Amino acid sequence: VPRLTQWYLRSALIYLVLSLTIGLVLAANSMLGISPSLASLQPVFFHLFVVGWLTQLIFGVAYWMFPKYSRETPYRSVNLSRATFWLLNTGLLLRALSEPLFQPGSTPFLGYLLILSAGMQWIAGLFFAINTWGRVKTR
Amino acid sequence: MPILSALAVRAALIHLLFGFTIGAILLSNKAVSLHPALWSMLPAHIDFLLFGWAAQLAMAVADWILPRHAQRPKRGSRGIAGTAFIFLNLGVLLVAISTWMPFNTSIRSIGRAFELLGVTAFIVIAWQRIATKQRQIS
Chain U
1 VPRLTQWYLR
11 SALIYLVLSL
21 TIGLVLAANS
31 MLGISPSLAS
41 LQPVFFHLFV
51 VGWLTQLIFG
61 VAYWMFPKYS
71 RETPYRSVNL
81 SRATFWLLNT
91 GLLLRALSEP
101 LFQPGSTPFL
111 GYLLILSAGM
121 QWIAGLFFAI
131 NTWGRVKTR
Chain P
1 MPILSALAVR
11 AALIHLLFGF
21 TIGAILLSNK
31 AVSLHPALWS
41 MLPAHIDFLL
51 FGWAAQLAMA
61 VADWILPRHA
71 QRPKRGSRGI
81 AGTAFIFLNL
91 GVLLVAISTW
101 MPFNTSIRSI
111 GRAFELLGVT
121 AFIVIAWQRI
131 ATKQRQIS
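One line per chain: the protein sequences are U and P, in this order. Going by the working numbering, the first residue of the first sequence is number 1, and it counts up by one from there. Going by the working numbering, the first residue of the second sequence is number 1, and it counts up by one from there.
Hints listed in this document are in silico derivations from the structure and should not be mistaken for laboratory results. As the structure is a computational prediction, the values presented were derived from the model and not from experiment. There's no promise every hint is true.
What the hints assert, rightly or not - From chain P, some residues computed to sit far from chain U (all C-beta separations above 10 Å):
#: 1; residue: H35
#: 2; residue: R68
#: 3; residue: H69
#: 4; residue: K74
#: 5; residue: I107
#: 6; residue: F114
#: 7; residue: L117
#: 8; residue: V124
Said to hold, decoys possible - Distance windows between CB atoms, simulated:
#: 9; chain 1: P; residue 1: P43; chain 2: U; residue 2: L38; range: 20 to 28 Å
#: 10; chain 1: U; residue 1: T73; chain 2: P; residue 2: P36; range: 42 to 50 Å
#: 11; chain 1: U; residue 1: R139; chain 2: P; residue 2: L34; range: 39 to 47 Å
#: 12; chain 1: P; residue 1: I3; chain 2: U; residue 2: L38; range: 47 to 55 Å
#: 13; chain 1: P; residue 1: K74; chain 2: U; residue 2: Y69; range: 21 to 29 Å
Glycine residues also receive a C-beta, built at the ideal position from the N, C-alpha and C atoms.
Chain P extracted, bound-state conformation:
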């Protein structure tokens, strides 16, 4: 597994734990009403699990197993792949913490923009690698 995929898989596992932890708190809060303000963690729960966990793991595994280019860099620009990793994780974290921050809607919007940039950067490197066996990728 390439180092960037390994980093992204580990980041995805951390997001999974954050998402499951918040989920467990929210479900318990439903049962025993710990504090009404805990419901504000719902967007963080959703973002950690959908983007931080599932989407990030899918992208990490895709970068690992998609067909490689014939010439170096075999998996496409590592700079762009690294940018995708940083922007996606920063985006999820910003959306997650936005609930408790002043100017929360602005921070959430910046987080969403970062997520979009991260995903777009990933698409830039993955697009050419999505090739059939018959088609030689250069």
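Same shape as in the complex, but just chain U:
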């Protein structure tokens, strides 16, 4: 397994545990009524699962198992793939931290963090698509 795939898969596993933990908190909150503000964790729960776990697992396995690009650069651009990893994870963590705190009328700084998070994840998706496109080859 390439080193970058290790990063992807281990991060994906951490996100799986994190998202299920938040899912547990949400379920406990609806049962015990701990705090209404905890309901704002719902989108974070979905996105940690779908982006942090599912999509990241796919990114990592695709990087490892898709047909090699060439003998010299089997994974096409390693730098682009590293950038994908860091942008996706930083963007997702920024979202997870800022989204539950953000309310209409709250400090603009939190809004800027959300926009930054959106941009980082979008660029990560674009970089992954660019790097993977050339490796989708028929025999």
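We have chain U already, so just place chain P on it with the hints.
Using the frame of chain U, we list chain P on its own:
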């Protein structure tokens, strides 16, 4: 990678980009309230990422790597596999655009039916190929 898997993986990458683009717009809209109507893109965001991206990529890779039949066609009927590809993609696109169309609930239902047909067609060809090493598939 067989040609149909390659087509489906590339389609999945396009769906990923559509899904991430809409997601970025929705998240930014949450931060700066660009326009309330943008929230109507939420079903498109979900369908692009769950069915167009994740499910389609899983099916494309399964068609590529599942054990092959001993006789031709080695990966099962290419006609049925092609039908699965067309119906799934058409279904996701119909659900995605349904928000902005007249008769949107009807179009969304047709889209969902197409997605179901696509997945069912995939299952028809994949079922027999899901075999253990001990069992010779014919």
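Quick rundown of the hints versus the structure:
no.	hint	in the structure
1	H35	15 Å, holds
2	R68	13 Å, holds
3	H69	18 Å, holds
4	K74	13 Å, holds
5	I107	25 Å, holds
6	F114	22 Å, holds
7	L117	24 Å, holds
8	V124	23 Å, holds
9	P43(P) - L38(U): 20 to 28 Å	26 Å, holds
10	T73(U) - P36(P): 42 to 50 Å	46 Å, holds
11	R139(U) - L34(P): 39 to 47 Å	46 Å, holds
12	I3(P) - L38(U): 47 to 55 Å	49 Å, holds
13	K74(P) - Y69(U): 21 to 29 Å	26 Å, holds
The structure shown violates none of the earlier numbered hints.
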